[in-house]
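Construct all of the structure, not just a fragment, from the sequences and the given hints.
For what it's worth, the numbering used here labels the leading residue of the sequence shown as 1, then goes sequentially.
All clues given are correct.
Here are the computed distance ranges between Cβ atoms for each label pair:
1) 189 with 71: 33 to 41 Å
2) 121 with 68: 36 to 44 Å
3) 117 with 56: 40 to 48 Å
Because the hints were derived from the structure by calculation, they are not lab data.
It should be emphasised that the depicted structure is a prediction, and the values quoted were computed from it without experimental measurement.
Backbone N, C-alpha and C define an ideal beta-carbon position, used for all residues, glycine too.
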Amino acid sequence: MITEAALLAHAVRNNADWCAVMCRAHGLTGTFGPRAWTSPGRTPLYYPDAVTLTEDATAADLLPAIDRTAPGASVKDSHARLDLSAEGFRLLFEAQWIHHPAPAALPASDAVPEGWRRVGTEDHLAAWALAWSGGDADEAALFRPELLADPTTTIVAGHAADGRVVGGAVLTESAGVTGVSNLFTTDGVPAAQAWSAALATASAALPVVGYESGEDLDAALAAGFAPLGPLRVWLDA
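Right, here's the structure in full:
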């Protein structure tokens, strides 16, 4: 049985893999080192320029490898061990890694909720991204068609009776787990429905991981997830 420490390491690597996928979709290539993933070019909106992979990662593993020529670079401190304030960063937010047993390890669960299905076309992805962004076209442009060709990435969308996208999530299968990110709902659809769809879509054999904070963390815990450990995100001011 996998330990929580090992599961946390898998969750951290999986999230860094997803960051790397997003960067590649935008024409950027990051580097995986022994203690951190870093991008030499500024990363897409909301995505970190560096991610620590181990508890012993230091500022020296991160900062020389990222672009700080203008404010706004960010670091995901995956184990909440760093204090980057002396380097000119401020704490942006704190969150909690979460995990859920592999769906196959649980009693038979319901099928994917009605109206939820995988995103498979550029038009469908564009509609998903607009719903995720609350109608902000600039933010929606984050999700490029290249993501549909990535073999580790699955995007799932929930639909109202009239076809509108009212929820969704991104699933990344790597490092022996399935990571869930960018989970959202709109128009009063309960978050529980999105979590149910994500779990029903994920590989039955792999634990499911992610990170959340605030009310989103409460919803994940209500969906059967458990906490794994804290993380922090720092922003270069």
